[in-house]
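Per UniProt numbering, the sequence shown starts with residue 1, numbered consecutively.
If you are wondering where the hints come from, they were derived from the structure by calculation, not from laboratory data.
Wrong hints could be hidden among the right ones.
Unchecked claim - Across the chosen pairs, the derived CB separations fall in these ranges:
(1) D69 / I100: 18 to 24 angstroms
(2) I45 / D69: 31 to 37 angstroms
(3) L122 / V34: 17 to 23 angstroms
(4) L117 / A93: 16 to 22 angstroms
(5) I79 / Q53: 15 to 21 angstroms
(6) A93 / P121: 19 to 25 angstroms
(7) M96 / T55: 42 to 48 angstroms
(8) V34 / L125: 29 to 35 angstroms
(9) T71 / Y136: 29 to 35 angstroms
(10) Y136 / L51: 30 to 36 angstroms
(11) T55 / A115: 32 to 38 angstroms
(12) F52 / T126: 20 to 26 angstroms
(13) W97 / L48: 18 to 24 angstroms
(14) I79 / T126: 19 to 25 angstroms
No residue lacks a Cβ here, since even glycine has one placed at the ideal position from N, Cα and C.
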Amino acid sequence: MTTTRQATGTATGAESMDNYGTSGWTGWIVFAGVMMLMMGAFHVIQGLVALFQDTYYLVGQEGLVLQVDYTTWGWVHTILGAVVILAGVALLAGQMWARIVAIILAFGSALVNIAFLGAYPLWSLTMIAIDVLVIYAVTMHGKEMKPITASRATSVEE
1 MTTTRQATGT ATGAESMDNY GTSGWTGWIV FAGVMMLMMG AFHVIQGLVA LFQDTYYLVG
61 QEGLVLQVDY TTWGWVHTIL GAVVILAGVA LLAGQMWARI VAIILAFGSA LVNIAFLGAY
121 PLWSLTMIAI DVLVIYAVTM HGKEMKPITA SRATSVEE
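My request is simple: use the sequences and hints to build the entire structure.
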């Protein structure tokens with residue numbers, strides 16, 4: 001005699017929930033956090049290159065969208081990069097404010113890289129693509145990190 005069981009109400013793939021009420025889509029937030037760490041590091045590197053070797057870029061200062069010297073661009077990229085790294089760490093920690101800051105910083109990074117297109121087109125386009133992915137991940141799947149941080153808070157209190 002054989003019995004057959006049919007699972008009712010089960011979900012498959014990324015829609016399935018774990019014990020904390022989160023789905024597989026939370027991986028997008030981890031992806032966004034890691035991308036922000038990389039993006040911040042890339043901005044810092046780009047800023048340091050602009051500060052210490054401004055002849056590296058393809059065009060002179062007059063060929064940029066905004067007429068500023070590479071020293072100014074270097075400081076903008078370095079400071080923006082450090083802030084993006086900090087926001088990426090906070091995003092990985094599941095902080096709500098980091099989601100908002102991540103969107104603002106990724107948008108600002110995309111704008112800065114549009115202005116920097118003339119100096120180094122391939123690098124700027126790569127950075128813009130990373131910015132778009134971060135904005136997508138945080139806006140579409142950011143709310144799914146909330147149950148994880150709530151479960152951490154309750155487990156600490158117990």
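Verification of the supplied hints:
1. For D69 and I100, the hinted distance range of 18 to 24 angstroms is not satisfied, since their beta carbons lie about 32 angstroms from each other.
2. Distance hint check: the CB atoms of I45 and D69 are about 19 angstroms apart, inconsistent with the given range 31 to 37 angstroms.
3. L122 and V34 have their C-beta atoms about 22 angstroms apart, which keeps the hinted 17 to 23 angstroms range intact.
4. In this structure the supplied range 16 to 22 angstroms is violated for L117 paired with A93, their Cβ-Cβ distance being about 33 angstroms.
5. The given range of 15 to 21 angstroms is respected by I79 and Q53, whose C-beta atoms sit roughly 19 angstroms from each other.
6. The hinted window of 19 to 25 angstroms between A93 and P121 is violated, with their beta carbons roughly 35 angstroms apart.
7. Our hint of 42 to 48 angstroms for M96 and T55 holds, since their Cβ atoms are close to 44 angstroms apart.
8. Range check, V34 to L125: about 20 angstroms between beta-carbon atoms, so the 29 to 35 angstroms window is missed.
9. Checked against the hint of 29 to 35 angstroms, the pair T71 and Y136 passes, with Cβ atoms roughly 33 angstroms apart.
10. In this structure the supplied range 30 to 36 angstroms holds for Y136 paired with L51, their Cβ-Cβ distance being about 31 angstroms.
11. Between T55 and A115, the C-beta spacing of about 19 angstroms breaks the proposed range 32 to 38 angstroms.
12. For the pair F52 and T126, the beta carbons lie near 21 angstroms from each other, so the given range of 20 to 26 angstroms is met.
13. At roughly 28 angstroms, the beta-carbon separation of W97 and L48 lies outside the given 18 to 24 angstroms, and the hint is violated.
14. Remark: the range hint 19 to 25 angstroms for I79 to T126 is upheld by a beta-carbon distance near 20 angstroms.
The structure is inconsistent with the numbered hints 1, 2, 4, 6, 8, 11, 13, although it conforms to all the rest.
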